[in-house]
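Residue numbers (the numbering used here), protein chains in the order written: chain A, 1 to 116; chain B, 1 to 116; chain C, 1 to 116; chain D, 1 to 116; chain E, 1 to 116; chain F, 1 to 116; chain G, 1 to 116; chain H, 1 to 116; chain I, 1 to 116; chain J, 1 to 116.
These aren't lab readings, by the way, just hints derived from the structure by calculation. Be careful, since some hints might not be right.
Unchecked claim - When the alpha-carbon atoms are kept at most 27 Å apart in a straight line, the in silico DSSO-like pairs for lysine-lysine are as follows:
no., chain 1, residue 1, chain 2, residue 2
1, G, K62, J, K7
2, B, K62, C, K59
3, H, K62, I, K62
4, E, K59, A, K62
5, D, K7, D, K59
6, I, K7, I, K59
7, J, K62, G, K62
8, D, K59, F, K62
There are 10 protein chains.
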Amino acid sequence: MPSQPTKELLAVANPHPGRNYDVRCDTPEFTCLCPLTGQPDFATVRISYVPDQSLVELKSLKLYLWSYRNEGGFHEDMTNRILDDLVAAIAPRRMTVVTDWLIRGGIHTVVEASHP
Amino acid sequence: MPSQPTKELLAVANPHPGRNYDVRCDTPEFTCLCPLTGQPDFATVRISYVPDQSLVELKSLKLYLWSYRNEGGFHEDMTNRILDDLVAAIAPRRMTVVTDWLIRGGIHTVVEASHP
Amino acid sequence: MPSQPTKELLAVANPHPGRNYDVRCDTPEFTCLCPLTGQPDFATVRISYVPDQSLVELKSLKLYLWSYRNEGGFHEDMTNRILDDLVAAIAPRRMTVVTDWLIRGGIHTVVEASHP
Amino acid sequence: MPSQPTKELLAVANPHPGRNYDVRCDTPEFTCLCPLTGQPDFATVRISYVPDQSLVELKSLKLYLWSYRNEGGFHEDMTNRILDDLVAAIAPRRMTVVTDWLIRGGIHTVVEASHP
Amino acid sequence: MPSQPTKELLAVANPHPGRNYDVRCDTPEFTCLCPLTGQPDFATVRISYVPDQSLVELKSLKLYLWSYRNEGGFHEDMTNRILDDLVAAIAPRRMTVVTDWLIRGGIHTVVEASHP
Amino acid sequence: MPSQPTKELLAVANPHPGRNYDVRCDTPEFTCLCPLTGQPDFATVRISYVPDQSLVELKSLKLYLWSYRNEGGFHEDMTNRILDDLVAAIAPRRMTVVTDWLIRGGIHTVVEASHP
Amino acid sequence: MPSQPTKELLAVANPHPGRNYDVRCDTPEFTCLCPLTGQPDFATVRISYVPDQSLVELKSLKLYLWSYRNEGGFHEDMTNRILDDLVAAIAPRRMTVVTDWLIRGGIHTVVEASHP
Amino acid sequence: MPSQPTKELLAVANPHPGRNYDVRCDTPEFTCLCPLTGQPDFATVRISYVPDQSLVELKSLKLYLWSYRNEGGFHEDMTNRILDDLVAAIAPRRMTVVTDWLIRGGIHTVVEASHP
Amino acid sequence: MPSQPTKELLAVANPHPGRNYDVRCDTPEFTCLCPLTGQPDFATVRISYVPDQSLVELKSLKLYLWSYRNEGGFHEDMTNRILDDLVAAIAPRRMTVVTDWLIRGGIHTVVEASHP
Amino acid sequence: MPSQPTKELLAVANPHPGRNYDVRCDTPEFTCLCPLTGQPDFATVRISYVPDQSLVELKSLKLYLWSYRNEGGFHEDMTNRILDDLVAAIAPRRMTVVTDWLIRGGIHTVVEASHP
Chain A
1 MPSQPTKELL AVANPHPGRN YDVRCDTPEF TCLCPLTGQP DFATVRISYV
51 PDQSLVELKS LKLYLWSYRN EGGFHEDMTN RILDDLVAAI APRRMTVVTD
101 WLIRGGIHTV VEASHP
Chain B
1 MPSQPTKELL AVANPHPGRN YDVRCDTPEF TCLCPLTGQP DFATVRISYV
51 PDQSLVELKS LKLYLWSYRN EGGFHEDMTN RILDDLVAAI APRRMTVVTD
101 WLIRGGIHTV VEASHP
Chain C
1 MPSQPTKELL AVANPHPGRN YDVRCDTPEF TCLCPLTGQP DFATVRISYV
51 PDQSLVELKS LKLYLWSYRN EGGFHEDMTN RILDDLVAAI APRRMTVVTD
101 WLIRGGIHTV VEASHP
Chain D
1 MPSQPTKELL AVANPHPGRN YDVRCDTPEF TCLCPLTGQP DFATVRISYV
51 PDQSLVELKS LKLYLWSYRN EGGFHEDMTN RILDDLVAAI APRRMTVVTD
101 WLIRGGIHTV VEASHP
Chain E
1 MPSQPTKELL AVANPHPGRN YDVRCDTPEF TCLCPLTGQP DFATVRISYV
51 PDQSLVELKS LKLYLWSYRN EGGFHEDMTN RILDDLVAAI APRRMTVVTD
101 WLIRGGIHTV VEASHP
Chain F
1 MPSQPTKELL AVANPHPGRN YDVRCDTPEF TCLCPLTGQP DFATVRISYV
51 PDQSLVELKS LKLYLWSYRN EGGFHEDMTN RILDDLVAAI APRRMTVVTD
101 WLIRGGIHTV VEASHP
Chain G
1 MPSQPTKELL AVANPHPGRN YDVRCDTPEF TCLCPLTGQP DFATVRISYV
51 PDQSLVELKS LKLYLWSYRN EGGFHEDMTN RILDDLVAAI APRRMTVVTD
101 WLIRGGIHTV VEASHP
Chain H
1 MPSQPTKELL AVANPHPGRN YDVRCDTPEF TCLCPLTGQP DFATVRISYV
51 PDQSLVELKS LKLYLWSYRN EGGFHEDMTN RILDDLVAAI APRRMTVVTD
101 WLIRGGIHTV VEASHP
Chain I
1 MPSQPTKELL AVANPHPGRN YDVRCDTPEF TCLCPLTGQP DFATVRISYV
51 PDQSLVELKS LKLYLWSYRN EGGFHEDMTN RILDDLVAAI APRRMTVVTD
101 WLIRGGIHTV VEASHP
Chain J
1 MPSQPTKELL AVANPHPGRN YDVRCDTPEF TCLCPLTGQP DFATVRISYV
51 PDQSLVELKS LKLYLWSYRN EGGFHEDMTN RILDDLVAAI APRRMTVVTD
101 WLIRGGIHTV VEASHP
């Protein structure tokens, strides 16, 4: 069965929970829909975190980001929702999510949210 | 009624058909589906042409590119289909379409097709 | 009725007021007039803020910046006025406005003002 | 009397008409209005030419480009009109005008026209 | 069964053989062994071709490049062998292979071979 | 009467003295003479400051920098003199002057001085 | 006898242990295997440290990094193991290891771990 | 006696006149005066040539370029004069002179002249 | 008598000892010998300091760096020796020396030492 | 016995003499002496060629370039001598040597010579 988009994020055990260290993932492959016009929006997503007992599994992260492809939402809302879902899934010690959006109306927008 | 994706490309009259000149359009906002796995692919599309009697109208071009969002196709096929559709719509004196795809399997692919 | 330049900035509700997070907008599409010579000046405008109860709506921001097109003002004054207007409209927790001006007299000028 | 925008381009004598040589001028300070929506468009303009008996005087070129500030026109039309006006003013042996426009609808457009 | 490195390159039918067009693939993920010291060498490989009746399938290309991981060979020899194998597999109208090697002995080396 | 180089720096009233904000000016158009050989030296000058009651007027700054064209001085001395003169003219809350010199004897030199 | 990959890291005496200073080494020549699929992964490794009584000898570092060529491991695990081995070998006052991995599944990953 | 600016360009014998080869010199250290306002202009000068029996000696080239420091002249005229002087001094088989001027009135200008 | 390499660094009086300010010098023109193989090594050297009563004279710095041309030494040792010699010569309030070495064994190394 | 600088260039058999292909080598690790002052000069050397029956062996090329470390020579002469020696050693079908020199007297110089 081929992969499907999903809101489920898979947690895997952190092999070195005794050390605070950073994991950073970024991808230019994020697209969703404008909540006002229904037209596609595009963003680069950057996630960085200090894991506690869990890491986010990368394939599930890919499928999770895919799940926004046909959803609408404001840039600020999307960013906070991604952060909330990741925090719920792996309970990191610290996490930051940045979304960097392609130009609309001549304006380039970036949103950055952190936990805690 | 909001804008919708469409395969129709709108032609507008070239105000200076007496001169050979170049029009170049590019956008990083192209996404379609892998024909094998159904997963999203992303590309930058670059179009350049010498118009004859018609120009391609930019908003219709945006809606046209949007129309691939839920279609599958090989990189080489997509590129040639975009070129064929544009040639059919505006019959340019010369046209080149380049698609530049985000990395899959560690490999970065670019396809370039020209008419005539 | 087509869009018009306006000094009114539209505030929309912040969907996540419980979290301090950053919103950054930038645009190279700012032009006004030199107060001494009346000739056009050009700048990139960069706005970053931590919202409280409101976000600035992006289309109104575009129309607001457009409203300076036929106004004169010193670089330092323009920057502080944009900051004052945005603070009045959305009362952010923190905000910074940067204007980055194209060269005049061989000198490149940048002005940066913050609230509070 | 302060400088004013003008459609008049000033020609000055080429001090070395016996040699074919290139003059290239570019400026990011071009703005006009969208003919459909009335909203501002922004472009970088690049002019290159081989002079015959005349050079274009740079200050008059600046005032000429300023004159488009409150005019509407399609990208393709603007480019050809600038080329036509420059050719009429200084009759160069060869000339190319390129306009490179800021993104609209996610699409970046460049137009290039040459004489003869 | 997981994927394995292989010298077999898979050819797929070119959907547009009536048109001469370019396909370009590049990857920084190439490593082999120095034939003199047995130590690893690293290169970026760039392949460009005009297909005739066949395209090279990308996953098989990835597995093919992987097959050099434990082989030794001089830079010039490797480059020509990759070209020969690709030509044998898909009989392109034109093809160029470039290998761009990480520095050895302070010297950066690039090899470029073409068919025909 | 045409503009002349001058050591006089013109102060203009700061329109927003109630706020600490930054003004940054930089120019690659600085040249003076080597105090040992009399040959020309070239530098980029970068000035940043937080104004108190006054701003430095940009045209007077240009003429001030021009005034060094036929003067000699060590890099370190020039930098401190420019800072001293600007501080004397506009009494900023904070100011930094950086001079970044083109290569002499294979060595690239930068001097940075701040007040207070 | 030619050089061989090895897990042994050679420590050499720090000639200036009385001073805290930084040593930074980086190399794009790191490759290992994916623990799930067995396919090659590629990373740039960046090591920075303040030595105490020992420095890491560079040739042994090269052979040590080579030793991962045929080993599998998650990105996060690899990074911490390299850090642990280096700390065991030279007991630095401070050390950071960063691994920066080529794209998999459209996602670029960086892991950074520090001691103590 | 210290070096002085001079219009004399020193020719030295080409050690390999039997081969057509290229010499390219460039420097950002060129300044002259605007013929209209008397204010300083700045340019990068790029010279490339195929020598015949003579090379231009580099120190004399430096002193020659210095000699324009207090002279006025239009960009196009300066470029052709430098070319004429160099051709007179060393009679190259081919030569190109490019001058690339810092921005005036928002416009960046480049002039390129070649012999023969 | 032509200039000679020397270990003597010339100190000149700081004209502004009353202010803490920065001087930064860097050069890509440093070469010495590998202490193990006798083969040449190459580095960029970056020096930054806050002078007290003395500045380092630039020509003597050039001759000092030249003096390492035929000497061997480990990267870490060289860096600390340059710092020690400069501190002995001009007793700065603060100084940092960075050496950035061309690649050996696929590894790029940077060493940074500071006083005090 | 450790490696020594040498003027001997080692030729190795071209494994694919039936095909015209390009080999390009470049290194920033070239230094010689100024023939007038005896001071060090530094250059990047770029060599590209189409081999006939022989390739240049890379280690011997490194030792050959090292051999100039204590020799003096004008930039133009050095470039042609390197080309002559390489042509004598491997008789390539075509070869180009470029030397790109660090700045002297504010002027950056590049020399390019080709055979035949």
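Outcome of the hint check:
This hinted pair does not check out: K62(G) and K7(J) have alpha carbons roughly 30 Å apart, beyond 27 Å. A C-alpha spacing of about 20 Å is found between K62(B) and K59(C), which places the hinted pair at or below 27 Å, so the restraint holds. This hinted pair checks out: K62(H) and K62(I) have alpha carbons roughly 21 Å apart, not beyond 27 Å. The hinted pair formed by K59(E) and K62(A) meets the criterion: a straight-line CA distance of about 20 Å does not exceed 27 Å.
Between K7(D) and K59(D) the alpha-carbon distance is near 12 Å, which keeps this suggested pair within the 27 Å criterion. Restraint check for K7(I) and K59(I): satisfied, since their Cα atoms lie roughly 12 Å apart, inside the 27 Å limit. A hinted pair counts as satisfied when its Cα atoms are at most 27 Å apart, and K62(J) with K62(G) qualifies at roughly 21 Å. Proximity of K59(D) to K62(F) is assessed by CA-CA distance (about 20 Å); at most 27 Å being required, the pair is judged to hold.
Consistency with the previously given hints fails for number 1 only.
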